[in-house]
Structure formats: C-alpha cells, structure tokens
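There are 2 protein chains.
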Amino acid sequence: MKQSQLFTKTRKEAPAGEQSKNAQLLIRAGYIFKEMAGIYSYLPLGLRVLKNIENIIREEMNAVGWVEMQTSTLQNKDTREKTNRRSDEIVDTWFKTELKSWWQLGLSFTNEEAFAHILTDYVSSYKDLPIYLYDFKNIFRNEARAKSGIMRGREFYWKALYSFSKDEAQHQEFYEKMKIAYQNVFTRVGLGDQTFLTFASGGTFSEFSHEFQTLADIWEDTIYLDEVKKIAINKEVFNDEVLYKLGLDKSKLVEKKAVEVWNIFTLADKFSKPLKLTYKDENGADQDVFMGSYGIGISRLLGVIVELLSDGKGIILPDSIAPFKVHLLSLGTDEVVLTETQKIYQELESLWIEVLRDDRDFRAGEKFADSDLIGIPYRILVSPKTLESGKLELKNRKTGEVKMIEFGELRNTFI
Amino acid sequence: MKQSQLFTKTRKEAPAGEQSKNAQLLIRAGYIFKEMAGIYSYLPLGLRVLKNIENIIREEMNAVGWVEMQTSTLQNKDTREKTNRRSDEIVDTWFKTELKSWWQLGLSFTNEEAFAHILTDYVSSYKDLPIYLYDFKNIFRNEARAKSGIMRGREFYWKALYSFSKDEAQHQEFYEKMKIAYQNVFTRVGLGDQTFLTFASGGTFSEFSHEFQTLADIWEDTIYLDEVKKIAINKEVFNDEVLYKLGLDKSKLVEKKAVEVWNIFTLADKFSKPLKLTYKDENGADQDVFMGSYGIGISRLLGVIVELLSDGKGIILPDSIAPFKVHLLSLGTDEVVLTETQKIYQELESLWIEVLRDDRDFRAGEKFADSDLIGIPYRILVSPKTLESGKLELKNRKTGEVKMIEFGELRNTFI
Chain A
1 MKQSQLFTKT
11 RKEAPAGEQS
21 KNAQLLIRAG
31 YIFKEMAGIY
41 SYLPLGLRVL
51 KNIENIIREE
61 MNAVGWVEMQ
71 TSTLQNKDTR
81 EKTNRRSDEI
91 VDTWFKTELK
101 SWWQLGLSFT
111 NEEAFAHILT
121 DYVSSYKDLP
131 IYLYDFKNIF
141 RNEARAKSGI
151 MRGREFYWKA
161 LYSFSKDEAQ
171 HQEFYEKMKI
181 AYQNVFTRVG
191 LGDQTFLTFA
201 SGGTFSEFSH
211 EFQTLADIWE
221 DTIYLDEVKK
231 IAINKEVFND
241 EVLYKLGLDK
251 SKLVEKKAVE
261 VWNIFTLADK
271 FSKPLKLTYK
281 DENGADQDVF
291 MGSYGIGISR
301 LLGVIVELLS
311 DGKGIILPDS
321 IAPFKVHLLS
331 LGTDEVVLTE
341 TQKIYQELES
351 LWIEVLRDDR
361 DFRAGEKFAD
371 SDLIGIPYRI
381 LVSPKTLESG
391 KLELKNRKTG
401 EVKMIEFGEL
411 RNTFI
Chain B
1 MKQSQLFTKT
11 RKEAPAGEQS
21 KNAQLLIRAG
31 YIFKEMAGIY
41 SYLPLGLRVL
51 KNIENIIREE
61 MNAVGWVEMQ
71 TSTLQNKDTR
81 EKTNRRSDEI
91 VDTWFKTELK
101 SWWQLGLSFT
111 NEEAFAHILT
121 DYVSSYKDLP
131 IYLYDFKNIF
141 RNEARAKSGI
151 MRGREFYWKA
161 LYSFSKDEAQ
171 HQEFYEKMKI
181 AYQNVFTRVG
191 LGDQTFLTFA
201 SGGTFSEFSH
211 EFQTLADIWE
221 DTIYLDEVKK
231 IAINKEVFND
241 EVLYKLGLDK
251 SKLVEKKAVE
261 VWNIFTLADK
271 FSKPLKLTYK
281 DENGADQDVF
291 MGSYGIGISR
301 LLGVIVELLS
311 DGKGIILPDS
321 IAPFKVHLLS
331 LGTDEVVLTE
341 TQKIYQELES
351 LWIEVLRDDR
361 DFRAGEKFAD
371 SDLIGIPYRI
381 LVSPKTLESG
391 KLELKNRKTG
401 EVKMIEFGEL
411 RNTFI
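Chains as they are written, first to last, in the working numbering: chain A, 1 to 415; chain B, 1 to 415.
Here chain A stands alone, though its shape is the one from the complex:
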C-alpha cells in the first residue's frame, strides 16, 4: 500500500488530556483517533493490527475446536432480569438505551446472558454437550473514569468465549487445552516471555481463578513468580496454605509487578440456572449446564503490547501483528531512485510481503522519524547513495541494526 493512500499523518504531540502511554503513541503514529475519553476509532493502521491479533486468536481457538458466532450488541432486558443484572445498583457500567415503545434494552457489556439465552433453543441432551463458542465484538462499559487509553475503554474490542459442559470434570478437561491455546496466543503476539499463568482469588464456584499476567514495573498488580516452574500467585491469595497446595517454595518466588491480560472464570450454574439452560443427563434427569468464561480484550492486548514494546522514538511492533512487515522509503525524486523503489515494491508484493511504501514528498528526517514512530519491523531505504553502492539499506526497528543487502537477497530476508 502507498502511504499517500493512508490519509493519516503522524503528530508530534498527543491530544491534551490523554494520559496513557499506549493511546498517546497510537494517536501520534496514526493508529487510533480519540472520539471521547475511553472511546477510540481505529484508523487504517490500527485496524490492520487489531485484525492481525484477531486472526492469531481465531487460529488458536479453532485449533482447539471452538466455533465462532456473533451475538447482537443490543440485548434484551428480560434476559438480564432473569440473572439479576439489569439495575444500575447491580451493574453500574451498563450503557442502556430505549426502544420507541419505551422498553429498555442494553448494549453488550459482557455476553454470558446472550450466549446462554441462545443455547436454550439448542441444548436439550447431554449428547449436545460440550459446546465451545466465541464471538469477536465491541463491548461497552460506562466507566466513570477512563484514563488507560485502549487498555480500559468505554468501548473496546473483545473476544468473548464460553464453554458449556455437562459437569465440572468435562469443564476441567477442556481448561487444560485453553491454557496451552492462550500461551500460544501470547507467544505469537510477542508477550510470551513475560506472561505467566497466575493463581488468583476464586469466586463462589472454585477455590482459584486463573489469570495470565504480563510483567512490567509500570503496572500495579503484585504477583509472586516461580521463574523455573513459570507459575505465579497473585498477592491477593498469597499465603502459606496456598503455597503448600500449589507445591511452591516461598524462597524461590520473586515479587513482580504485572498486569492481567486474560482470565478464566468457572461460572458453573450461575447463568444457566436463572436462564433455565438445562439438559437431560444419561438417566433422563434435568441438570444445569456447567459454564466457563474465557474472555480476552483485543484492544487491551494491543494497549499492553504498545506500552511494553516501544522506545523514545515510538512504537515497536512484533512481525506477527504489525500493520505491515516492511516500510519502504525512498529519498528524493530522482528517476532512478523511483524506478528502483517501484521494482522493490513489486518484488515484495509478489512474495506476499505486506509493504507500506512512503511515496510522500517529504524530507529524509521526517520520513525517518515517521517510520520510527509507526514502528513497522523492517525499513528499506532507497536513495542516490544506496544506489551508488548497488545495494539497499535494511534497518531492523527493534534492534536498530542497519545493513546493506542486494536486491536478490530480499526473498531470503523476508521469507
């Protein structure tokens, strides 16, 4: 794609009032646009990254047998009344709206009711279970303060997953697969090394809940990590009894600051009972479906990645989610330079490598600064000087390494 097709421009300053590092960088580089506090539009660069993350998650979920669908955003008040999650006293972050006939309806702020309600039409026997469903959609939460950029927005892009099992044993069996699937996701988006399964406080239905926590000093959760076993305990449940149960040695744990990027809830019959999502078991008796919840915020994940993977010059995105793999810059308007640049562009496109070609008539310094701010993994430079040497200049955004390569080396460099 030509950069001139991309209407966005970089900016030196983030808008006044934007306090979060992730949104500041993403706005300056032209990935997102701030509509209001906690509400962002995704500009072409940002949407490409969201979709890349979405595809990675989709691949990992489909590999474990999940099936995708899409629940409506407008949700029925009746369904919420059954689970006692309608009134402002119970759920104080729900954006609500009205039909003309003055019935109230709400925007999805989570999806347990929507899924359980749909499944009452389809589940009747133990033979129908288990079912694993997910849904990529926008979620709306009326947060009183929204100061974390895209890490905690009033509108955010989310994947909701729910598992529907006949009992706890079937539920648990599946959970082990999910641990691996999620670790795969974190590895593929570039957070694998600093993201750990963490035991946190349970709820009504289980002793522990499970989180994946990503380490960094900037964040506020405290966890205790066993760096060999790669397991952590959230401070909220950290005591000798828990250590004993998990077989962890206190002397081997390191205190770390972290942020939660994913968690699992064992819902059991919390939603299936009020919504009458039941099935006939092998003996013909009615049983409540046993539910689990495994949501992950796509925009939150991008926010975490940007907070962690950036430097003073801008964003540094991993290959797997970057909007393009190569940023192709040419300097000057010399005919030979433009011809060579076009040749490289066509070569890369023919190899199915995604290229952003900076075809703008800007000064070299501006082009370099923009390229560093946007943070595409590889920058290729074509100039009268590089042409003189018969080579191209290749720069790695992450390591800063610069080397000269020949045109013929493009294929091996990127494939």
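Honestly, the hints are just simulated from the structure, not real lab data.
No false leads were mixed into what you were given.
Quick list of in silico lysine-lysine cross-link-like pairs, DSS-like style, CA-CA up to 25 Å:
| no. | chain 1 | residue 1 | chain 2 | residue 2 |
| --- | --- | --- | --- | --- |
| 1 | A | Lys325 | A | Lys51 |
| 2 | A | Lys280 | B | Lys2 |
| 3 | B | Lys280 | A | Lys9 |
| 4 | A | Lys137 | B | Lys100 |
| 5 | A | Lys2 | B | Lys280 |
| 6 | A | Lys245 | A | Lys230 |
| 7 | A | Lys12 | B | Lys276 |
| 8 | A | Lys9 | B | Lys276 |
| 9 | B | Lys245 | B | Lys177 |
| 10 | B | Lys2 | A | Lys127 |
| 11 | B | Lys325 | B | Lys343 |
| 12 | A | Lys100 | B | Lys147 |
Use these hints to put chain B onto chain A, whose structure you have.
Relative to chain A, chain B alone:
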C-alpha cells in the same frame, strides 16, 4: 467442520411473530437467532456467510483504492449538534445512551459525522485529497416497526463508505469506478442478472441519485427498465423530460417490481461545512471538502439473497457466499461407510474446499431435509448402496441434478 461441532439444529417452524421470509428461513436453518424484533444474532452458519459477503466487498473496494478503518460505535453528541442531527425531532431512529456525567452519546446509526470529524485532523491541503474510506460495523436504528427480518433491522451489519474529494469533478470521476465495483459485487454474490443501475430522485445537491435495484415481484418499488441498455428509472422520477435526458425510449421500457440494494448520495458540503472539514486549494483559499456516500447493508443483502434464492425446501446459496461448499452426508454406522466418508472429508480439506460433514446419528430423511434447508451448494452422499456401485452421489442443490462420480473426480469437480 463436523456438523456435531455446530450446536445449532434446524427447526420445522419459525418463531411466532416472525413475518419475513428471509428471517423465517434463516432461523429455521440455524443461520440466525432472533433476540427481539429487528435484532438478530449471527450463529456460526450465518456469520460465515456474512464474512464471505464482507470479503467479496472488501476485495472489490480495495481494488478501486478504498482504505478500511473502523469508527467507534459510541458517538459524541457535540459532533451531531454541529450537523443538527441530534434531537429526536430531526432523527427519530437514534438509539441514545448516557455517560455517568450525564452527557448524552449515541450509537452509530450512520457515519457521515464520524468520518468527517476524524478527517478534520488530517486534511489541510488539496494534496491530501481525494480520500476513500470504508468501515464494516453494526448500525443501530430505532425503527418503530421492524418486520422485514434482516432486510431492515434495528441492529444491522453495514459497510459505510465515504469519498472526500476537492470538487465535483474529482467526485464524479470516482463514481464511475464505483458503478463497476458494485456491479462486480452483485455479480459475485449471485444477484448480477437481476440487479440494475437505477436513476432516482436527487437531493439538494444533484439532479438524480443512483440506486442498484434487484428485481422480484415480491417487492414494492416500481422501476422502468431498458433491458438492452441495462438501465432503469425509478417511478418517482419517471417522466418524459427525464426519459429525454437519459436518452431512453419509453416504448422499450418494461415496468418491474424491485428492491433497492444500494444507493449513492452526493453529499457535497452538507457535512463538511458544519464540521469545518476544509482544505486549502491551489491558490491558498479555503474550500469545503466535497463528500459522497456509498453505503451497503451486508445483512440486508443477505436477506435479499435468501428471499430470492430459495425454494419450498429451504435456502439455496450461491457458491461464493455459502457457509460451506460441500455438505458431506453418510448414512448408517457401517465401518466401511465411515472410513470412506472420512477419506472424502480429508481429500476435500486438502484441496481447501470447505466441507460441513454431517456426522450426526440421524435418519436419512432428516439428514436430507436438513441439507436442503441449509442450502449448501453441493451434497455428497456416502451409503452402503453408493459404495456398492464404487461411486459417490453428488447432488446440486440449485438444479436438483444428481449424478454418480468416482472418488478420483472430486478434484476436477470442485476446483
């Protein structure tokens, strides 16, 4: 994919109160779930079709140089006030909601303001134009009555496109490309033969607007079609003067019933002026950006397709948008049948052909009826009888044609 993974089941009857043919069929076949009047969730089959249509449109738009982004669903009241589209008296179908600080905000019911507002940050010179942007998203309209299924919902999946040009000439030049791109879309989704460019009443800014109208006796628009020139006139502007202007001969026109599947609006400065979306022209003078709008409802398009392409047994989807290309059925639990079915399944998957394998332990009659209702283009049957003949039974859902083919012919049949 195995059909047992698909939690949905077909049903003999549509829910009481559902009047539209499209929603009746789609609910019965398990493509959609009705949340409330005019609000539907997309079940796995339905989501696959929506995404197929979306991808066709995306390819055609990208080919003409459009760029994709995604505006937020929650929209600022201030922006709407500037264009005088906030109050219920002006826009009576807007779902509105509230922030805690009691500012009102709205859900997107159309996107002119959102796009124009974002572009004020990025457009300053004539060199920045033209810009062509689109956005796939859910749109919300508080329709007093919602009786047309997914053809006119309260929540629907839409692609908004807006062009931003420096003047009418630049705008018009682009419009010719859009006519071709949209005709490509209609052809690819199976409506090409009965969909025609139609002249309709203009607005403040142009003599005519342009629609694509799809023919069928069941619909209520009346158009006059020149079947040779493949151009039509909407009844609302049909008079001798217009005929003369368009160079059409009254005696060669045929009156037809039709439904609008797409239209274009020349917006000119209607939104750019109040939102101050201006640019400096070649002489340094401020000019309003000249806008055009080209939206298309994805769910509406699917509704039209289902209304048109169905028979007494169920839905008949074109190859290009069907959720799967092949429905693979086996009869009985005979070991040889199951092994042969698995072999065919693997062969088709290795050829990248999307297959739904009916692995359910159902009677033959039920499997056949479900297959016809769901309407996947090709059905392959494996049974003790077909195995005896050493062949497979291949049925074309659209023509009803049945023929016996050999395993070795699978590749040539589908590729």
